[in-house]
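Starting from the structure of chain Z, add chain W where the hints point.
Protein chains in written order, with this note's numbering: chain Z, 20 to 128; chain W, 28 to 139.
The set of hints was computed from the structure by calculation and includes no laboratory data. Mixed in with the good hints, there may be bad ones.
Covered by chain W, per the in silico footprint, the following chain Z stretches (three or more residues, Cβ under 8 angstroms) [to be verified]:
| hint | region |
| --- | --- |
| 1 | 31-41 |
| 2 | 61-73 |
| 3 | 98-111 |
Taking CB as the label site, the calculated pair distances span [as the list claims (entries may be wrong)]:
| hint | chain 1 | residue 1 | chain 2 | residue 2 | range |
| --- | --- | --- | --- | --- | --- |
| 4 | W | G55 | Z | Q115 | 19 to 27 angstroms |
| 5 | W | S81 | Z | P128 | 44 to 52 angstroms |
| 6 | Z | S45 | W | K44 | 18 to 26 angstroms |
| 7 | Z | Q33 | W | S81 | 45 to 53 angstroms |
| 8 | W | R97 | Z | Q33 | 48 to 56 angstroms |
If you only want the chain Z side, here are some residues facing chain W, beta carbon under 10 angstroms, derived [as the list claims (entries may be wrong)]:
| hint | residue |
| --- | --- |
| 9 | L23 |
| 10 | Q25 |
| 11 | S46 |
| 12 | S50 |
| 13 | W53 |
| 14 | Y54 |
| 15 | Q56 |
| 16 | P58 |
| 17 | Q83 |
| 18 | F116 |
| 19 | Y117 |
Please read all numbers here as calculations on a predicted model, not as lab measurements. Cβ coordinates follow ideal geometry from the N, Cα and C atoms, glycine included.
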Amino acid sequence: TQLLEQSPQFLSIQEGENLTVYCNSSSVFSSLQWYRQEPGEGPVLLVTVVTGGEVKKLKRLTFQFGDARKDSSLHITAAQPGDTGLYLCAVSTGNQFYFGTGTSLTVIP
Amino acid sequence: EADIYQTPRYLVIGTGKKITLECSQTMGHDKMYWYQQDPGMELHLIHYSYGVNSTEKGDLSSESTVSRIRTEHFPLTLESARPSHTSQYLCASSQLHRGGQFFGPGTRLTVL
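Extracted from the complex, chain Z is given alone in its bound form:
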């Protein structure tokens, strides 16, 4: 059973479009992280959200933690080719971090 489900699995959009990707679970978490990974590289931490309903912005990226702290969304405004990559959500439980299945985003110029 996958602890974190991300959707969609794949997304291909034109430059300038908006998009939202989701990270869902049936469990409650004290915090959740979002990462972006480019091919052949390690994931890079984008943000950590800790409070139910919290919204954080990073330039054109908006992250929201669900009120019940079971899910999260990432919204990108006016996507650019540089946003292309694998977006991963992650949580820590006990002694370990668990990662979602990932959303592979391609932004076409």
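Structure of chain W alone, referenced to chain Z:
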């Protein structure tokens, strides 16, 4: 800027060889982790450490071993590599669980 390093970046070896993948961090983080990841897929935890002389196995069964003799160094060793070990290996460190992890660039291993 995170300072976590992995060497080599790419490695192609024959079946049966012993290899060690190196990972070092200069941030003084107590916690370090090794993950295995196939291209575009999710990360699977294979080992982690909470400090010097502390190592644990993760959820993914692995034939590798790790050691943590110094805070900054967390090498992973495969005693006898097999083609099924072909994958990307990512090292990470963290200080607090809620703060997320910092990853190295990864080692892309191919076993022929």
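Now the hints, each set against the structure:
1. 31-41: Since three or more residues must qualify, the claim that chain W covers the region 31-41 of chain Z is violated, with 0 doing so at under 8 angstroms.
2. 61-73: Coverage by chain W holds here, the residue count being 6 at a Cβ distance below 8 angstroms.
3. 98-111: Since 4 is at least three, the answer is holds.
4. W:G55 to Z:Q115: 19 to 27 angstroms: holds, 21 angstroms
5. W:S81 to Z:P128: 44 to 52 angstroms: holds, 48 angstroms
6. Z:S45 to W:K44: 18 to 26 angstroms: violated, 43 angstroms
7. Z:Q33 to W:S81: 45 to 53 angstroms: Taking Cβ atoms as reference, Z:Q33 and W:S81 lie about 49 angstroms apart, which means the hint holds.
8. W:R97 to Z:Q33: 48 to 56 angstroms: holds, 49 angstroms
9. L23: OK, holds: Z:L23 within 10 angstroms of chain W, min 9 angstroms.
10. Q25: holds, 9 angstroms
11. S46: Hint on Z:S46: violated, closest Cβ of chain W at ~15 angstroms, above 10 angstroms.
12. S50: holds, 4 angstroms
13. W53: holds, 9 angstroms
14. Y54: holds, 8 angstroms
15. Q56: holds, 8 angstroms
16. P58: holds, 7 angstroms
17. Q83: Cβ of Z:Q83 sits 17 angstroms from chain W, so the hint is violated.
18. F116: holds, 6 angstroms
19. Y117: holds, 8 angstroms
Hint compliance for this structure: hints 1, 6, 11 and 17 are not met, and every other hint is.
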